[in-house]
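Protein chains: 2
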Amino acid sequence: MSYRQRFSPEIAALLADDAWLVAEEGYDPAQNLAYESIFGLASGAMGNRGSHEEGGIRKTLPANYVHGVFDQSEAFMRELCNTPDWTKLRLCHACEPISLEDGEPRDYLRVLDMRHGLLAKRYVNRAADGRETRIESLKFLSRAHPRCGMFRLCLTPLNYEGVLELENLIDAAVTNFMDMPRFRVRHLETTEVSALMPDGCYVGSKTRDFGLPLGTGARVTVRDACGADRVKSRRFRPFGELACEFLDADMTRGDTLTIEKFACICTGRDFDDPRAQVARELEALALRGFDAELAAHIARYDALWAMADVEIDGDDALQHALRFNIFQLMSTPAQDDPHTNIGAKMIHGEEYGGHAFWDTELFVLPFFDYVFPGVARNLVTYRYLLLDKALENAEKNGYRGAKYPWESADTGEEECPAWTVCPDGSCYRCYVADYEHHVTAAVAYGAQHYAHITGDEAFMDEMGLEILLQTARFWASRAVYKPEYDRYEILRVTGPDEWHEPVDNTAYTNHLARWNIDCALDRLARCRQEKPEVCARLWAALGLTEAELMEWKTCASKLYIKTRQGLIEQFDGYFDLPDAVITEWDACGMPRMPAIFREKRGMQHCILKQADVVMLMFLMPYVYDMETQRINYDYYEQRTLHRSSLSPSIHCLMGLRVGDAKRAYAYLERSAYVDIRNNQGNTREGLHAASAGGTWQCVTLGYCGMSVDDSGELVFTPHLPARWTRVRYRIVWRGTPLHITVTPGDVRIRANGALVPYRVNGESRVSEW
Amino acid sequence: MSYRQRFSPEIAALLADDAWLVAEEGYDPAQNLAYESIFGLASGAMGNRGSHEEGGIRKTLPANYVHGVFDQSEAFMRELCNTPDWTKLRLCHACEPISLEDGEPRDYLRVLDMRHGLLAKRYVNRAADGRETRIESLKFLSRAHPRCGMFRLCLTPLNYEGVLELENLIDAAVTNFMDMPRFRVRHLETTEVSALMPDGCYVGSKTRDFGLPLGTGARVTVRDACGADRVKSRRFRPFGELACEFLDADMTRGDTLTIEKFACICTGRDFDDPRAQVARELEALALRGFDAELAAHIARYDALWAMADVEIDGDDALQHALRFNIFQLMSTPAQDDPHTNIGAKMIHGEEYGGHAFWDTELFVLPFFDYVFPGVARNLVTYRYLLLDKALENAEKNGYRGAKYPWESADTGEEECPAWTVCPDGSCYRCYVADYEHHVTAAVAYGAQHYAHITGDEAFMDEMGLEILLQTARFWASRAVYKPEYDRYEILRVTGPDEWHEPVDNTAYTNHLARWNIDCALDRLARCRQEKPEVCARLWAALGLTEAELMEWKTCASKLYIKTRQGLIEQFDGYFDLPDAVITEWDACGMPRMPAIFREKRGMQHCILKQADVVMLMFLMPYVYDMETQRINYDYYEQRTLHRSSLSPSIHCLMGLRVGDAKRAYAYLERSAYVDIRNNQGNTREGLHAASAGGTWQCVTLGYCGMSVDDSGELVFTPHLPARWTRVRYRIVWRGTPLHITVTPGDVRIRANGALVPYRVNGESRVSEW
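So the protein lines, in turn, are chains A and B. Whatever position you read off the first sequence (first residue = 1), add 1 for the numbering used here. Whatever position you read off the second sequence (first residue = 1), add 1 for the numbering used here.
For reference, chain A alone in the conformation it holds in the complex (with noise of 0.2 angstroms):
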């Protein structure tokens, strides 16, 4: 039987079919934090741990986060604030709870439909006095009205019968960090916790730093088979920071309850009143009511896979990962709102606090960038809104122009803290922050490729350009002159290989801080040219000379670029570590740290954590001839570990340019897999963002060999691998939805009427009716 046939006739109905489903099937509490972040939902305003709405359960982590919604107090930096958890449902009868962790769960099956954006479960409960009852649940928050999010549990007691005590709550007692006691820090006070009129509970609450209001309303309903309200009596009790609404029903043998909750959580960030928001926007949804709402919901879902679904002919499973990938990305951030980012996690778990870091823009972007531009202009457009607080940075670590934060929340202040604490107590000083400053570059190249993949040369003018300008000269100021060589070099950093910091003059940084410059040079001189006017206030609002812009152009062709070709040394004295190759993988096929090592600190070996060097390859492809880029590749992937789930994604996407196909495809499906499967052990913490972003990569402008030319030409050189017969897909061209069919050897895109040129393999095209 299908997935989707184990469920009751009506839910069944709304799913998707089984190739859209990801489903846990049979109940495995050890599998619970993992599956709270497979099927957490977002709905572009807030994202909700897949925990279980009728609780009881031990092994547990609920979650609410709200996009902006950060907070510090004790934390070692300001972190996306775990809300008001208003999933919560107590379901009594007799005394007894009807939970899925009292008792023995049966036929457990939960599955989260991509297509449609719902989580879905059901199973029977069989408690230990013998009573069963069937629980079937539905739950999504929606696209639609993305502030709500509702659910529907169904219950059908079926072999008794009796008085069903309910309790609607929201448990305001909710903490960051809830199961690592070190860790554990409150980020929201309680200001209120009342009763809504006519029914339902309300939790104000404020951010403890900053005073940032929250407000939280849920409202519950049941009714039985016929739509009648079954509700007996129903009650409003606060109980400290728990609001609690007590509802009674009378339950019949084999009759199904349907319990309804919906809640809405709105922000001091959008309305002066919270809780009258809530109060409307939940009386709004009454009178809708939940099949509309799922309506208008899955509508949404429709238009969003009508855009960014990737089709594949020939690998159902990667399809389905795929799929999932694409699924959290589109769903996780917020569609109008530049003044948030998407975290390293997602919105999906707490670890890394919600922050957005490099991923953002070299993993993440380009899936925005080619299919949902809109939302890649608010991810640009954030780095622009917090450009004063990256001049304050540079300027407090001693350098002119802007230095962006390693991580950044909603201030753009540096949030990755100086020290910080391992799980056993001891404190560490972490440098990343200190030196890993090719983030700078990143958030440089993730606003020059968004303007030239969408075009938005409105963006660059009014944004863009500031950004290029403002971080080329931080490299400038950051890059020393050396006058024995007369070479600028930039000393003491950390690349993407985090093992090794700091150190001098890395391949990656040098090498980026010189596109930066370069860029910001030539974007800065056509902006001269063709709109003066937009030149001459960048010029006066930045204080630019000339002097100054030859200074740059003298650091970037004087940058120390160690080799153009040949095999690339990571940094100065990389090869004069002790070396070694990977000759050992584990279970999962991961590479092991050569024994050699194993004793040793990174600085005393050769290993990486991830790619640099071929990362840099991957993103300045002009730069090296193919053999050039063939040395490296198998130079460093024999010394990659791929302890950063950022590692696999650019090592298939490169190892495909150099013609490794098979390794290339094990990298992909690591990448694709990371979460699904639970590749790395950490999905607990939440999802890859870069990982997800990185995979769409791989398959788009990998294996599709998708990009945009200089002249700014769609182009396409497809290698699909043998077991592809086809691969299907849709990016927004310069406002045109592009419908894209990659097949061995050829691509066809039909553009709807418009006539869009694009090269394949160097033939020009015109797109088809």
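Certain hints may be false.
Pairs count within a copy or across copies, as identical chains cannot be separated in the list.
Claimed, not checked - The list that follows gives simulated cross-link-like pairs (lysine-lysine, DSS-like), each with its CA atoms no further than 30 angstroms apart:
no.: 1; residue 1: LYS60; residue 2: LYS233
no.: 2; residue 1: LYS233; residue 2: LYS532
no.: 3; residue 1: LYS601; residue 2: LYS563
Simulated from the structure, these hints should not be mistaken for lab results.
Using the hints, position chain B against chain A.
For chain B alone, coordinates are given in the frame of chain A:
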């Protein structure tokens, strides 16, 4: 291996031998709630249920109750408040909790050491990942400092090591009736969650109705086997209503860490500044240390048992159960606080709101009268202190004198609600407070018998006589004169058998009322002669007149007493009800309702809930000849379902009197085992105080045949069961401890030098040296 030997040598050395232990062997979560009552500890200031310190238990109702801390808020009645939970300790290693239900507990054993008032447990927890941890703990509420509770938890990582993360918690997010959503209610407001100096947590609370302040503090130490402090770091964090102190310590494989938690709870009833007092007591406790406090605590129990033990040779199981009843009885009441009483469920559960019923005077008080007369004085003084409210209560109901409430909390107002709610949500009118007036006679009976047994004439002068007079006055106003019969009747009352309500002229109530008036007049007459100044004071204070006394006399002498001998009708018309006798018993030996009555309401059949006429005969033996007692016992015993735990002990005592030794013993067992074997299935709600006191009465007043005759002499008419070879126990007789040894047909008393006269089966004796 004995229970004791299964513990580590350190704990085994502290424990009594197995005869004194109540054991829970093997862990069965379904039994948690009952064991939480059975393993509840009480210090005289508070009670604490036997929940597991390390938490993580699904089926649990942890609770701490403090004598005199009542609140109503949205509940039906003022009830003993569940106060912040100071017992919690959260233990984590590498994000995984270490607790009973997180893993497989092996070799689980928990014992209540009744001899020393200790709760000890041990088990080895095997986590899903194979880590094994041995846990051993020892908990007590200090009798030496009864506001203090503490436990020691020894944790040994058997096959792993690393960092132990620990949270010292005080959870103020507590409610009453946690597992019954309909009744769940919050009684305290949290006013403060703060750090104590130099370490520890503090929670300030106040009751919601009256604002009574309450302070709860807790400190934790972590030491190794050498006693060295192993706390690496310590940090206080308030999480809303959860006070949390984080601590960590290194664990070494196979080495034991000893965690001690000390708590103190003070209220505004005793201290102006509970916080300061909590801090002081915890500081003093830290200086004394766990072992010294334990020694002081054990010394108190040595002294308590030296008075209270009853040794039965011939039935080990009954001996064990009797000690359990005595242990809980003597642990529960305050030692020096006449403003508090003993709840029907002692201080071990929430049922009946911690209220005092007639259970105190007729079931529990005799134990204290004979064994701990100081505590008995508190219990009777409690009623005197609330006499004003009883006067108000009579007036409110249109009567004169003092009408004691059916349920009494701290204010003395009637706490038994007029309307109450069933678990299914339906409301019903509860007539108990309206009609069950016999409690007022029970209060008088308790005062009179306290003075009679203890010889505390000062109490009688200062308080007791006033109670007798005001209750007599009540009865005189409660009875109505029926000129047609020239008699007084008491109409519309309920006797102990609550299934027939209201009815007219219950034998029980009429007899007790007459006794109450007679006793008051008799006592007053003696007082007039012997202590005219006392009499004059009362005369004036109560506004007594000769005319009123004459009225009482007339009322008593003309009070309708149906028959003095032969079969006694329980109330007017009882003999007209459809009649049937019990012919079926369930698997537990409990009688079943005759089939023809199963759908009937109480007034439609003859079946009784509990001893009524039988109870009357027990209390008033001199009124009835033995044949009458036998006839009535036989008659009513066949019609009583014993749906109250008050019933079996009275049937034991009366069975014994009428020579039904076999049934008497069966009733003794039913009474003795009610909680320790959870006979009635409701031990989870608290322990049965009346059964405990009734069981003690069965043994001492029943089998040993002890009583105090009208002249104030101690008399014995022993009739030990065949299997008992000897009973030894102690009482305090007019200030002198007597060692009483009862053997078949004989009683010997040692009085340590005092010459105490007593009679055995009519023969006069004097105590031995």
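Hints and how they fare:
For the homomeric pair LYS60 and LYS233, the shortest alpha-carbon distance between copies (27 angstroms) is at most 30 angstroms, but the shortest distance inside one copy (33 angstroms) is not. Taking the shortest alpha-carbon separations for LYS233 and LYS532, neither the intra-copy value of 70 angstroms nor the inter-copy value of 64 angstroms comes in at or below 30 angstroms. Taking identical chains as interchangeable, the C-alpha atoms of LYS601 and LYS563 lie at most 30 angstroms apart only when both belong to the same chain, with a minimum of 27 angstroms there against 100 angstroms between chains.
The structure is inconsistent with hint 2 alone, although it conforms to all the rest.
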